[in-house]
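Participant: Protein chains in written order, with my numbering: chain A, 1 to 294; chain B, 1 to 417.
FYI, nobody ran anything at the bench for these hints, they're computed from the structure.
Ideal Cβ positions, reconstructed from N, Cα and C, are used throughout, including at glycine.
Do not rely on the hints blindly, as some may be mistaken.
Each pair of labels, with its calculated beta carbon distance range [what the hints assert, rightly or not]: (1) A:A112 to B:R230: 13 to 23 Å; (2) B:D280 to A:I130: 21 to 31 Å; (3) A:C272 to B:K127: 40 to 50 Å; (4) A:A16 to B:K38: 43 to 53 Å; (5) A:I30 to B:D361: 47 to 57 Å; (6) A:I130 to B:R230: 24 to 34 Å.
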Amino acid sequence: MIRQAFGRHLSALILAPTAAATLVFVYGFIAWTAYMSFTGSRMMPVYELIGFDAYTRLWQFERWNVSIVNLLIFGSLFVGVGLLTGLLLAILLDQRIRAEGLLRTIYLYPMALSFIVTGTVWKWLLNPGIGLERAMHQIGWENFRFGWIVDPELAIYTIVIAGVWQSSGLVLAIFLAALRGMDQDVVKAAFMDGASTLQIYWGIVLPSIRPAFFSAVIVLTHLAVKSFDLVIAMTNGGPGYATDLPAIFMYSMSFQRNNIAVGSATAMMMLCTVMAIIVPYLYSELRPARSAHG
Amino acid sequence: MLKIRFGFACLALAALPALAGPPTVEVLHFMTSGGQAKGMKSLKDDLEAQGGKWVDTPVGGGNSEDALAKLRTRVMGGDPPSSVQLKGPLIQEWGALGVLQPIDDVAAAGRWEQALPKRVSDTMKYKGQWVAAPVNIHRLDWMYANPAVLNKVGIRMPSTWEEFDAAADKLKAAGITPLAHGGQAWQDASLFEIVVASVGGPEFHRKALVELDNAALTGPTMKQVFDRMRKLRGYVDANFSGRDWNVATNMIITGQAGFQLMGDWVKGDMSAAGKQPGRDYVCANPPGGGGASFLFIVDSFAMFKSKNPDVLAGQKLFGRLMMEPRFQENFNLAKGSIPVRNDMKLDKFDSCALAARDQMDKSIKGGGFNPSAIHDMAVASAVRGAMTDVATKHFNSSISSDEAVQLLARSIKQARE
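The whole structure should be built from the sequences, with the hints applied where relevant.
Facilitator: Structure, rendered in structure tokens:
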């Protein structure tokens with residue numbers, strides 16, 4: 001009897017510690033951060049609620065506004081260019097070429113690096129004094145100029161370059177899997193009917209791998225919103241604070257400037273941004289499952 | 001009867017270790033690089049030679065933020081480290097939370113009051129009680145140059161900004177970067193503070209960056225400060241963004257650049273590279289009002305309350321040894337700073353350190369001995385952050401001096417709310 005009950009609840013029992021830990025360390029601390037954002041906490045947490053003061057102060061920071069604009073630039077380009085590059089690479093790799101396994105590994109490999117490594121390498125490559133620009137000068141191209149990383153107006157685009165380099169391999173893998181999972185008969189039929197390659201891709205292939213687009217967008221978007229280490233390694237938010245992103249601003253407020261309330265408010269703004277993207281995704285993912293049960 | 005006696009025996013046994021424990025300190029610090037680590041090790045050896053127990057809690061990377069994050073969690077958990085590397089107004093902020101341990105008897109016995117400049121001893125006290133011990137005095141506003149470079153283009157150390165500009169133009173013409181600078185936010189801000197004290201003079205610096213006086217912050221002198229910063233921006237090389245300060249120092253050593261305006265930790269690095277002041281490099285006051293100024297940065301350790309009597313004994317021993325000439329000499333020789341005690345001989349120190357001591361005495365008399373705001377000696381970290389943001393924003397963009405003045409006043413006001 002007891003053994004039966006044990007057997008029935010075994011999986012629940014095994015999952016319980018993880019569930020409890022997640023409840024406390026993820027949702028518990030999200031709740032705590034949310035609470036903090038409504039207090040006047042500076043160096044140490046205080047628990048007296050004072051309303052939306054921290055949010056009002058947050059939006060007065062010029063640096064916060066810079067980091068929001070940067071997130072929009074970085075986020076849209078990182079996702080857009082990342083998708084295009086990944087898709088293009090996937091389509092090219094899908095042409096039944098030789099050494100595909102090797103090439104796939106090469107493209108996927110940057111994903112194995114941490115953003116810190118990527119950031120440091122690109123920092124060196126793009127530094128006009130030691131990197132690409134200097135190399136071009138040495139081989140005789142004296143007029144070559146590529147100083148984006150030290151230009152406050154353009155530095156954010158160098159972060160996009162490094163970010164896309166890092167993540168396009170992952171996007172490639174997602175798209176390649178989707179392309180391979182397609183029903184080849186449809187393509188063949190379209191081909192028989194005399195459709196051009198462009199028509200086939202535009203009219204048949206791309207629509208049928210829509211779910212892959214969705215996954216890739218979600219993955220890239222949340223990477224963009226929480227970006228921190230890549231920027232820290234590449235520019236440390238500079239020149240000035242021209243490449244500040246919300247996560248860096250949050251760290252700076254909470255840990256460097258003894259402003260826990262504003263830091264928490266920043267974290268909540270970021271959470272809301274991620275939720276605005278993830279929740280519709282979860283909703284659309286979970287709905288078919290529910291209807292299948294019903 | 002037997003039972004009672006046994007009970008007493010147990011009590012005595014339980015009490016024994018508490019009575020007999022060695023004086024113990026747990027030291028939370030971020031002095032983990034080269035010379036500083038060596039300095040801390042010498043203090044540890046001194047303490048252990050006196051029968052003390054040293055529990056080392058270093059935070060790597062010379063990173064005060066990580067150390068503070070650690071301190072915060074330890075205090076919240078009710079188990080603070082006994083001695084913590086803290087400086088300036090932060091000592092007052094922790095004092096206000098009632099967690100700091102006074103060690104007045106050690107201070108009285110060591111004649112700290114008489115041995116320290118008043119502005120320094122004030123920061124070590126909370127409500128009149130000594131709660132921290134100072135390690136060293138750094139001067140932020142130094143100007144360094146390589147004499148070989150100066151000779152090559154035929155210039156002298158400039159004492160006014162006009163002379164500086166003339167020298168910079170000559171350097172530029174000779175293909176040498178006039179100003180060695182690293183474009184990191186804190187370095188931009190350090191340069192800004194040096195310029196505030198040398199363009200506006202020490203009194204203006206105190207009014208604007210220490211007392212945060214609105215008239216000084218928004219006045220015409222502050223505009224001149226930003227004009228000067230814009231001018232200096234033209235003297236750095238194209239590749240300065242993100243450069244570390246010691247890489248900039250290396251540009252001076254190797255003759256690629258003319259001047260560096262930075263604190264005396266530069267000197268610690270020069271000494272480590274085997275360079276002699278006077279021969280391989282010269283140190284001087286920044287141009288203009290810099291001649292009367294001494295922007296000080298004092299590293300110090302604050303004592304945190306503990307219920308354990310061994311810890312209090314340890315803190316007293318720690319504080320006493322820290323202020324003894326032996327440690328002050330060992331530590332400061334390695335770090336490039338000068339000892340905090342004014343009753344010490346500086347026989348082993350180099351000419352730049354002696355110059356720093358002279359400048360300190362002179363500036364204390366003349367009222368130019370002021371805490372560095374950018375290095376957390378004067379204002380709350382939120383305000384320091386606001387100043388840093390504006391200084392680095394201005395230096396790395398093309399906003400006008402007027403806009404920068406507006407932005408500075410607005411950001412400081414906002415940070416103080």
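Participant: Going through the earlier hints one by one, which of them does the structure break, listed in rising order?
Facilitator: 1
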